[in-house]
Amino acid sequence: MRRVMNIAPAPGPRMLLALLPFVLVAFLYVLGSAERRAANPDDKLLPPVGELAETVRRLAAELDRRSGEVVLWVDTAASLRRLFLGLGIATLIGLVFGLAVGLLPVAGATLGPLVAVISMIPPMAILPVLFIVFGLGELSKVVLIVIGVAPFLIRDLALAVTALPREQMIKAQTLGASTWQLAIRVALPQVMPRLIEAVRLSLGPAFLFLIAAEAIASDVGLGYRIFLVRRYLAMDVILPYVAWITLLSYLMDFALARLARKAYPWAYVEERR
Amino acid sequence: MSALSFRDVWVEYGDQIVLERINIEIASGAFVSIVGPSGCGKSTFLRMVLGQERPTRGTILLEGKPIPEEPGADRGVVFQRYSVFPNLTVLGNVLIAFEFAASRYLSRLNGAARRAAIKESESLIAEVGLTPHCDKYPSALSGGMQQRLAIAQAIALKPRVLLLDEPFGALDPGTRAQMHALIKPLWRDCGMTVIMVTHDLKEAFALGTRLVAFDRTRIDPQAPGRFGAIVTYDLDLTRDSAVPVLGFSKPLDARIKASQTQGAAV
Numbered sequence: 475m476r477r478v479m480n481i482a483p484a485p486g487p488r489m490l491l492a493l494l495p496f497v498l499v500a501f502l503y504v505l506g507s508a509e510r511r512a513a514n515p516d517d518k519l520l521p522p523v524g525e526l527a528e529t530v531r532r533l534a535a536e537l538d539r540r541s542g543e544v545v546l547w548v549d550t551a552a553s554l555r556r557l558f559l560g561l562g563i564a565t566l567i568g569l570v571f572g573l574a575v576g577l578l579p580v581a582g583a584t585l586g587p588l589v590a591v592i593s594m595i596p597p598m599a600i601l602p603v604l605f606i607v608f609g610l611g612e613l614s615k616v617v618l619i620v621i622g623v624a625p626f627l628i629r630d631l632a633l634a635v636t637a638l639p640r641e642q643m644i645k646a647q648t649l650g651a652s653t654w655q656l657a658i659r660v661a662l663p664q665v666m667p668r669l670i671e672a673v674r675l676s677l678g679p680a681f682l683f684l685i686a687a688e689a690i691a692s693d694v695g696l697g698y699r700i701f702l703v704r705r706y707l708a709m710d711v712i713l714p715y716v717a718w719i720t721l722l723s724y725l726m727d728f729a730l731a732r733l734a735r736k737a738y739p740w741a742y743v744e745e746r747r
Numbered sequence: 582m583s584a585l586s587f588r589d590v591w592v593e594y595g596d597q598i599v600l601e602r603i604n605i606e607i608a609s610g611a612f613v614s615i616v617g618p619s620g621c622g623k624s625t626f627l628r629m630v631l632g633q634e635r636p637t638r639g640t641i642l643l644e645g646k647p648i649p650e651e652p653g654a655d656r657g658v659v660f661q662r663y664s665v666f667p668n669l670t671v672l673g674n675v676l677i678a679f680e681f682a683a684s685r686y687l688s689r690l691n692g693a694a695r696r697a698a699i700k701e702s703e704s705l706i707a708e709v710g711l712t713p714h715c716d717k718y719p720s721a722l723s724g725g726m727q728q729r730l731a732i733a734q735a736i737a738l739k740p741r742v743l744l745l746d747e748p749f750g751a752l753d754p755g756t757r758a759q760m761h762a763l764i765k766p767l768w769r770d771c772g773m774t775v776i777m778v779t780h781d782l783k784e785a786f787a788l789g790t791r792l793v794a795f796d797r798t799r800i801d802p803q804a805p806g807r808f809g810a811i812v813t814y815d816l817d818l819t820r821d822s823a824v825p826v827l828g829f830s831k832p833l834d835a836r837i838k839a840s841q842t843q844g845a846a847v
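Chains as they are written, first to last, in our numbering: chain Z, 475 to 747; chain V, 582 to 847.
Don't take each hint at face value.
Ranges of calculated distance between the beta carbons of each label pair, as one might list FRET restraints [unchecked claim]:
(1) V:Glu650 <-> Z:Glu745: 37 to 45 Å
(2) V:Pro805 <-> Z:Leu733: 17 to 25 Å
(3) Z:Met598 <-> V:Ala694: 19 to 27 Å
(4) V:Ala697 <-> Z:Val544: 30 to 38 Å
(5) V:Ser704 <-> Z:Arg555: 51 to 59 Å
(6) Z:Leu490 <-> V:Ala697: 52 to 60 Å
(7) V:Ser723 <-> Z:Arg477: 51 to 59 Å
(8) V:Arg588 <-> Z:Glu745: 30 to 38 Å
(9) Z:Arg477 <-> V:Thr712: 15 to 23 Å
(10) V:Gln803 <-> Z:Val591: 53 to 61 Å
(11) Z:Leu491 <-> V:Ser723: 32 to 40 Å
Cut-off 30 Å, straight-line C-alpha distance, at most; resulting in silico cross-link-like pairs (DSBU-like, lysine-lysine) [to be verified]:
(12) V:Lys717 <-> V:Lys765
(13) V:Lys646 <-> V:Lys765
(14) V:Lys739 <-> Z:Lys736
(15) V:Lys646 <-> V:Lys717
(16) V:Lys783 <-> Z:Lys736
(17) V:Lys646 <-> V:Lys739
Honestly, the hints are just simulated from the structure, not real lab data. Quick reminder that beta carbons are idealized off the backbone N, C-alpha and C, glycines included.
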């Protein structure tokens, strides 16, 4: 008998095993929904799948009676715009400052402790400050994402830069590289895969900050809609929205993972073996 | 062209003395093997030439001028590991040396300049026998090939001094023999000064024109850091000189002279 740790499923069974828990959850939902409906025809907590589908169709294909817009797409566009802006700016800041802190001892001495302290500020605690300073518009939401994600990216990238073998830094210098050349030709390409990984890990927090900001002060957005319809216990809207957000971030995560492997194949050689 | 001289060099880390009273003149074009037990300061010696470390006392001169305090293109290096850039192909690893030299801001070459640099890189790669692997990433190469690539990269800019820090230490005996057959003609053709740190005595004797051994001759059990390593042997291995087998005549003279000038008690 082989040890359990040595039993690996083939690709086919692996797919089945991956699907199994999803099917199970869906099954449990259908079962619970039917049970509650049987007990109370007006139950709102677990709407049946048909009702969910009907709501999704209404949200995604019909113009809203009040605003004259297709709610789901307008919400999605507004939220993604904020998310991409916030994550993009945070990534840029993370890249520039992370490289500087990791590569230049002077920058590390100056900015390192500051970044360490800033990264400990709970972003949600200063959300009121952001609303006061940047107003209730788009800016405060984007800034919240940046403040929440950038310090982590800076620190992670700085660590990745300092983890590059010292030998390589010396070697590049013996090839005549200046600090700038070393940064863009040796350090930057080698930490890019790590940056992408860090952004992938930041997707969750970024969505958290986005939805929190939208829940508190907004007039459009995925988070706004969820918190709007919560008053009516409209689970038929909330559940599809949650699933939609999950799908969006899963797809982004997947796309980033593919991008990293496509653009930096040398960094994933070990993986393929 | 590229003579090195060490004048009364000491290296101390805190109260631990690593190297003491190092007085060596290395002639231009010499191939110096450095041997000694682990932790005796061989690599420290190399790092000083590299500019990665500074002597606590004394001076190091390259061509009569104090050695620059940071690594530069005049001193190439091959480390035991991590010498090549994993994000570049074999060709890219050699090409980058030319790109650093030619393009200050983008470090990229275009058009004719790029083609010329590629041609030059390819001839270097051919010299170390890696032509069939031009487009591979270092992770796809064996240890020996990676070191050959590191050598091609290090000699691309024709440094005046080439430093080898146990370059073949991690290789199997067969590959090591190949590397020996490779490095000697390269050194002869380029006319550079080579300093090689090695653990392998056979290698040290086979490749070098001169062998320098470091060791700690005095050990105070109460204060292990009190005495550093000194040059214990300094052998001329060129064919036209009588190889001093016991080796002590020369270094002893040097040491007596050194201690006389310092007036230090040995």
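The hints, checked one at a time:
1. Between Glu650 of chain V and Glu745 of chain Z, the C-beta spacing of about 41 Å keeps the proposed range 37 to 45 Å intact.
2. Evaluation of the 17 to 25 Å hint for Pro805 of chain V and Leu733 of chain Z yields a failure: the beta carbon distance comes to about 54 Å.
3. Between Met598 of chain Z and Ala694 of chain V the CB atoms are about 54 Å apart, so this pair departs from the stated range of 19 to 27 Å.
4. A hinted range of 30 to 38 Å for the beta carbons of Ala697 of chain V and Val544 of chain Z is inconsistent with their spacing of about 59 Å.
5. Taking 51 to 59 Å as the suggested C-beta distance range, the pair Ser704 of chain V and Arg555 of chain Z conforms, at roughly 53 Å.
6. The hinted window of 52 to 60 Å between Leu490 of chain Z and Ala697 of chain V holds, with their beta carbons roughly 57 Å apart.
7. The supplied range of 51 to 59 Å is broken by Ser723 of chain V and Arg477 of chain Z, whose beta-carbon atoms lie about 32 Å from each other.
8. Between Arg588 of chain V and Glu745 of chain Z, the C-beta spacing of about 52 Å breaks the proposed range 30 to 38 Å.
9. The hinted range of 15 to 23 Å is not satisfied by Arg477 of chain Z and Thr712 of chain V, whose Cβ atoms lie roughly 46 Å apart.
10. Taking 53 to 61 Å as the suggested C-beta distance range, the pair Gln803 of chain V and Val591 of chain Z does not conform, at roughly 46 Å.
11. Between Leu491 of chain Z and Ser723 of chain V, the C-beta spacing of about 38 Å keeps the proposed range 32 to 40 Å intact.
12. For the hint linking Lys717 of chain V to Lys765 of chain V, the alpha-carbon distance of about 26 Å falls within 30 Å, and the restraint holds.
13. Taking the CA atoms of Lys646 of chain V and Lys765 of chain V, the gap is about 28 Å. The hint holds against a cut of 30 Å.
14. With a CA separation close to 35 Å, the supplied pair Lys739 of chain V and Lys736 of chain Z exceeds the 30 Å bound.
15. Between Lys646 of chain V and Lys717 of chain V the alpha-carbon distance is near 41 Å, which puts this suggested pair outside the 30 Å criterion.
16. Proposed proximity of Lys783 of chain V and Lys736 of chain Z is contradicted: the alpha carbons are some 46 Å apart, above 30 Å.
17. For a cut-off of 30 Å, the pair hint linking Lys646 of chain V to Lys739 of chain V stands: about 19 Å separates their Cα positions.
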